[in-house]
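Student: Sequence lines, in order, name chains S and C.
For the first sequence, my numbering assigns the number 1 to the initial residue and increments by one for each residue that follows.
For the second sequence, my numbering assigns the number 340 to the initial residue and increments by one for each residue that follows.
Think of the hints as simulated: they come from the structure by calculation, not from any bench.
Hints may contain errors.
Simulated DEER-style distance windows between Cβ atoms [unchecked claim]:
{"hint": "1", "chain 1": "C", "residue 1": "E397", "chain 2": "S", "residue 2": "D75", "range": "15 to 23 Å"}
{"hint": "2", "chain 1": "S", "residue 1": "D212", "chain 2": "C", "residue 2": "E353", "range": "41 to 49 Å"}
{"hint": "3", "chain 1": "C", "residue 1": "S369", "chain 2": "S", "residue 2": "G272", "range": "36 to 44 Å"}
{"hint": "4", "chain 1": "C", "residue 1": "D413", "chain 2": "S", "residue 2": "S235", "range": "50 to 58 Å"}
{"hint": "5", "chain 1": "S", "residue 1": "P165", "chain 2": "C", "residue 2": "A451", "range": "53 to 61 Å"}
{"hint": "6", "chain 1": "C", "residue 1": "G430", "chain 2": "S", "residue 2": "G60", "range": "28 to 36 Å"}
{"hint": "7", "chain 1": "S", "residue 1": "N100", "chain 2": "C", "residue 2": "N455", "range": "40 to 48 Å"}
{"hint": "8", "chain 1": "S", "residue 1": "S237", "chain 2": "C", "residue 2": "N455", "range": "57 to 65 Å"}
{"hint": "9", "chain 1": "S", "residue 1": "D75", "chain 2": "C", "residue 2": "L412", "range": "31 to 39 Å"}
{"hint": "10", "chain 1": "C", "residue 1": "R419", "chain 2": "S", "residue 2": "G70", "range": "42 to 50 Å"}
Built from N, CA and C at the ideal position, the CB exists for glycine as well.
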Amino acid sequence: MDEKNEDRFDSAAEGVCERIRKSLRGLPPDVKKQAQEIRLRVNRPVTVCCPQSVYFLKEGGGLGCIVGPGCVRADKNDLEESFRTLCGNSVYSHETEIKNGYVTLRGGHRAGICGTAVYQNGTVSGMRDISSINIRVAREIPGSADLLLNRLKDTLSGGLLLAGPPSSGKTTILRDIARQLASGVRGNIRKVAVVDERGEIAGSYQGIPQNDVGICCDVLDGYPKAEGILLAVRSLSPQYIVCDELGSEEETRAVEQSLNAGVSVIASIHAGNAEELLRRRQAAALLETGAFASAALLDGSAKPGKIVGIYRAGDLLAENRGSASAHRRGLSRGICGIA
Amino acid sequence: MESHKLVVRVEKLEAFLRFLSAAKTEIRFSSMPVESIVRRHGGGISFFSDIPDAASGENWAGAWNNAVEKRALDEGFFRRDVELLKGFGAGFGASDTDGQLSHCSLYADLTAAALNDAKEERNRKAKLYQMLGLFAGMAAAILLC
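With the sequences and hints as input, model every part of the structure.
Tutor: Spelled out as structure tokens, the structure:
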């Protein structure tokens, strides 16, 4: 597994321009195994983000905690070359992704792109003057959902909302849930549809999923989540739909429709803790659809994949409405539910 | 020999023009990446096989330039065509769909103009070379008699 994670870092580094890639390739295997992000900012040092800290890349493949003369700095040309490399030298074939600020790489890695917005008819039509690139190394950790699935058992069929801050391992766990369900690791094989708007779950590249999402899994790659959910319900007859980062009203309506079609939804949402989750209007709206029997909360980026709590959706909603009974159950302390 | 070079140049420019037309179609209707376009529609042009795929991590525009420099002259393109090919490679894949369609159209026009010149040159010089060959043959026959 460690070797695979090392390879994954190298495959993510393929998106970086040749000059910087040489130094990234020279990093020690231990760093490659842990690294979560590679960040390039124009005229500033290249950084490698690990769970515990952020390090500066040095010429020849070292890392440092402070900015020094040996640090590799990315200039404008490096960013432009990296941008073209990330797009497979075909910028036009990533137009929609670029409008949304990211590009998906071979291997399921995602590169977030910052620059100056270009407007056409009042909407963002593209991006120019790329100023920074953040490559998130996609991790495939078979078994990362074991703990969660062991605790949820049959409750999973009632739907699950996975909440956590960025880099807390939401996508990795979603991917593993899809794999386990679609491969029959836990009982019967289930028909799973992955709605992979940003290509992070399956990491499809030219139609081929780069990550293991199971035998009986259909991947709707690049579909907007709302449209993808409805399409899956209409034409793929899934038992489970897995998707990342729900939030809009349109998506909430699509989730509601899938519930009425007897499909279980497993999805993620951004939230730092239970209180934040409750404060998010979209989260409450999603829970109120009844499509999620439970919600699991993940710890931060320092401990990716660690579950800090599993809650019943009803309890969370009661807490949101200020119900005294929910307080008595200790929900406000963040320990509750089926765990 | 010289006459053959003119014929090959016309064939190569026609092949490149066909490639540009196919590239426009693929970009407009399937957003196909440049690498796949080259693989699928670049059959008539040998220097395309020298361009590594995206997975190699090499700078693609640089690889295109190197391939053109190395192979295009041997393949039958003329020096002035090489500049045209390099210009196309520098912008191929570097912009959005509209930009790429304009880029392909511009280079299709330039290639069509080069093709017309090449055809005219072939027709004009082919006759000249034929006459030269005929006269040389006659002169040799007279001398031998």
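Student: Take the hints in turn and mark each one as holding or not.
Tutor: Against the structure, the hints:
At about 20 Å, the beta-carbon gap between E397 (chain C) and D75 (chain S) stays in the expected band of 15 to 23 Å. Restraint check, D212 (chain S) to E353 (chain C): a C-beta distance of roughly 47 Å satisfies the suggested window 41 to 49 Å. The supplied range of 36 to 44 Å is met by S369 (chain C) and G272 (chain S), whose beta-carbon atoms lie about 41 Å from each other. Look at D413 (chain C) against S235 (chain S): about 52 Å separates their beta carbons, and that is inside 50 to 58 Å.
As the Cβ distance of P165 (chain S) to A451 (chain C) is approximately 57 Å, the hint placing it in 53 to 61 Å holds. For G430 (chain C) and G60 (chain S), the Cβ-Cβ distance of about 34 Å falls inside the hinted range of 28 to 36 Å, so the restraint holds. Between N100 (chain S) and N455 (chain C), the C-beta spacing of about 44 Å keeps the proposed range 40 to 48 Å intact. At about 58 Å, the beta-carbon gap between S237 (chain S) and N455 (chain C) stays in the expected band of 57 to 65 Å.
Taken as a hint, the range 31 to 39 Å holds for the pair D75 (chain S) and L412 (chain C), whose Cβ atoms sit roughly 34 Å apart. The supplied range of 42 to 50 Å is met by R419 (chain C) and G70 (chain S), whose beta-carbon atoms lie about 47 Å from each other.
Checked against the numbered hints given earlier, the structure satisfies every one of them.
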